[in-house]
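This is what each chain is made of:
Number of protein chains: 2
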Amino acid sequence: MAAGGDWQSALPAAAAVELLHNFSLIHDDIQDNSPYRRGRLAVWKLWGIPQAINAGDAMFTLAHMALNPLQESHPPGVVLKAHELLENACLALTQGQYLDISYEARSDLTLEAYWPMVGGKTAALLATCTELGALTAQVSPDTQESYRELGRYLGLAFQVQDDLLGIWGDAAVTGKSSESDLVAGKNSLPVLFGLSQNGPFAARWRAGPIQPDEVTDLADALVAEGALNYTRSTADRLTAKALQSLENADPQGDGGEALVSLANKLLKRDG
Amino acid sequence: MAAGGDWQSALPAAAAVELLHNFSLIHDDIQDNSPYRRGRLAVWKLWGIPQAINAGDAMFTLAHMALNPLQESHPPGVVLKAHELLENACLALTQGQYLDISYEARSDLTLEAYWPMVGGKTAALLATCTELGALTAQVSPDTQESYRELGRYLGLAFQVQDDLLGIWGDAAVTGKSSESDLVAGKNSLPVLFGLSQNGPFAARWRAGPIQPDEVTDLADALVAEGALNYTRSTADRLTAKALQSLENADPQGDGGEALVSLANKLLKRDG
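Note that the protein sequences, when read in sequence, are chains A and B.
If you read the first sequence in my numbering, its first letter stands for residue 1, the second for the next number, and so on.
If you read the second sequence in my numbering, its first letter stands for residue 1, the second for the next number, and so on.
Keep in mind the hints are simulated off the structure, nothing from the lab.
It is possible that part of the hints are untrue.
Here are the simulated DSBU-like cross-link-like pairs (lysine-lysine), alpha carbons at most 30 Å apart as the crow flies [unchecked claim]:
1) A/Lys186 <-> A/Lys81
2) B/Lys268 <-> A/Lys45
3) A/Lys45 <-> B/Lys186
Among chain A residues calculated to face chain B with C-beta under 10 Å, some are [stated by the list, open to error]:
4) Leu80
5) Glu84
6) Glu87
7) Tyr98
8) Thr234
So these bits of chain A aren't anywhere near chain B, every CB distance computed over 12 Å [to be verified]:
9) Glu18
10) Thr61
11) Leu91
12) Asp162
13) Leu165
14) Gly185
15) Gln244
16) Asp250
17) Gly256
18) Leu262
19) Asn264
20) Lys268
The beta-carbon is built from N, C-alpha and C at its ideal position, and this holds for glycine as well.
Generate coordinates for the entire structure from the input sequences, incorporating the hints supplied.
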């Protein structure tokens with residue numbers, strides 16, 4: 001069987017990742033004290049923290065259980081490997097989340113702190129998505145590795161681009177400046193780069209929370225210190241790596257075309 | 001291989017259940033607002049709720065990962081079945097926990113509400129312990145079922161006995177009456193039986209929290225209404241079922257003797 005083949009037999013793996021992602025959002029909303037999710041009250045806000053923790057645990061369990069029907073169409077070794085990949089993703093997510101939470105209280109972060117955190121979040125989940133797809137298609141180990149790399153670089157490139165838009169995207173700069181990552185105090189890549197320069201941006205950031213009316217000037221200061229160029233070139237580098245991995249994976253058929261189209265859409269968004 | 005055989009090859013399964021139990025305690029302590037665990041500060045009290053939720057999620061993941069080394073000594077089908085048993089236990093635990101949390105706010109509980117709650121907690125975990133042991137020993141399906149029943153009845157009998165001691169045990173009656181389940185407001189089996197009688201106990205219970213100086217009189221009222229007899233005969237019935245399942249399982253060798261001795265110890269404790 002080749003990648004781009006029978007997509008139905010991969011559905012249990014896809015459901016597992018989707019459930020895993022949603023479980024993590026239920027717990028994230030408690031951890032971030034976020035009252036809303038997708039325009040509705042978050043689980044914890046509606047049912048209380050104890051039930052929300054428990055509902056997340058139940059969905060975490062269901063993510064694992066979702067893999068069971070793979071046994072109907074795949075040899076046991078593939079199913080066991082799928083369990084391992086899912087568990088590796090879970091562990092990476094908790095490692096990324098640990099760093100994310102502990103970074104909130106710190107003002108001494110360096111650029112190096114960025115990669116372990118984002119590597120354990122979007123990138124770990126997307127790498128698992130693409131690798132599980134390749135695993136269930138039973139392609140060669142080399143090709144599975146290319147798919148894993150594709151997901152990883154896609155996740156990293158997407159995250160860096162998201163960081164860029166969070167400061168210089170339309171919503172962040174114009175009108176809705178309260179949506180700027182600068183006001184939210186997010187330790188994004190441009191911010192960590194700015195801190196590493198120890199210039200006017202770093203001095204202002206360390207002095208306390210940024211107010212909405214400072215956003216435009218502070219975003220300009222970051223540009224002057226090179227943060228936009230650095231972030232853009234990082235995104236470009238990661239995008240090139242993602243596209244190279246996609247070429248190595250060489251997806252086939254209708255499914256393959258859809259994947260190429262999706263990857264291009266994710267990598268070239270303007271915000 | 002028979003039950004009572006090579007215990008080392010069952011260790012990954014034992015580690016998985018131990019990690020699962022400890023994960024559940026980390027989240028339980030947040031849900032119950034309990035500041036202490038085993039005489040030390042609970043995880044959430046020491047590191048905050050966000051990190052404690054995440055640490056529990058990580059340990060939940062490690063419980064699943066602990067099963068992986070089973071692959072070195074067991075066929076893939078057994079390892080996949082072990083994953084399924086662990087996941088069934090996880091789901092049962094979240095179902096029991098859901099009921100436990102939702103019961104706290106209710107004063108209309110009936111005796112029937114008791115079994116789904118305790119069935120999803122201690123009993124589900126112990127049933128998984130004994131079944132995983134039998135599974136990894138690769139005994140016949142009938143014997144595996146006997147081990148599962150042993151664990152389930154052991155868990156139920158232990159829980160009912162625990163409920164009995166929580167009201168009529170030494171610590172609950174004498175001196176430390178603040179440790180009485182009556183003061184804690186726990187929906188234990190004697191309490192649910194008492195409520196079903198709609199007598200003096202039910203009237204007092206529904207009027208509001210029990211104070212420590214009322215514990216002796218209220219425990220006596222429960223005895224007069226038949227709750228002690230009912231709870232004791234229920235514990236006896238479950239104990240007999242556990243011992244019958246143990247006989248059916250017919251454990252062998254040193255391990256078998258240790259199991260019989262452990263079961264008897266658990267079932268005959270005086271508190």
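Hints and how they fare:
1. A/Lys186 <-> A/Lys81: violated, 36 Å
2. B/Lys268 <-> A/Lys45: Violated. B/Lys268 to A/Lys45 sits at ~45 Å, over the 30 Å cutoff.
3. A/Lys45 <-> B/Lys186: holds, 26 Å
4. Leu80: Status holds, d = 6 Å.
5. Glu84: holds, 7 Å
6. Glu87: holds, 5 Å
7. Tyr98: holds, 6 Å
8. Thr234: Hint on A/Thr234: violated, closest Cβ of chain B at ~27 Å, above 10 Å.
9. Glu18: holds, 17 Å
10. Thr61: Violated, because the least Cβ-Cβ distance between A/Thr61 and chain B comes to about 4 Å, which does not exceed 12 Å.
11. Leu91: Non-interface label on A/Leu91 violated, nearest chain B Cβ at 5 Å vs cutoff 12 Å.
12. Asp162: holds, 22 Å
13. Leu165: Fine: 26 Å to the nearest Cβ keeps A/Leu165 off the interface.
14. Gly185: For A/Gly185, whose nearest Cβ neighbour in chain B is about 16 Å away, the distance exceeds 12 Å, so it holds.
15. Gln244: For A/Gln244, whose nearest Cβ neighbour in chain B is about 31 Å away, the distance exceeds 12 Å, so it holds.
16. Asp250: Nearest chain B Cβ is 30 Å from A/Asp250, so the label holds.
17. Gly256: Since the minimum Cβ distance to chain B is about 30 Å, A/Gly256 lies beyond 12 Å and the statement holds.
18. Leu262: holds, 28 Å
19. Asn264: A/Asn264 clear of chain B: closest Cβ-Cβ about 33 Å, beyond 12 Å.
20. Lys268: holds, 34 Å
Hint violations for this structure: numbers 1, 2, 8, 10 and 11, all remaining hints satisfied.
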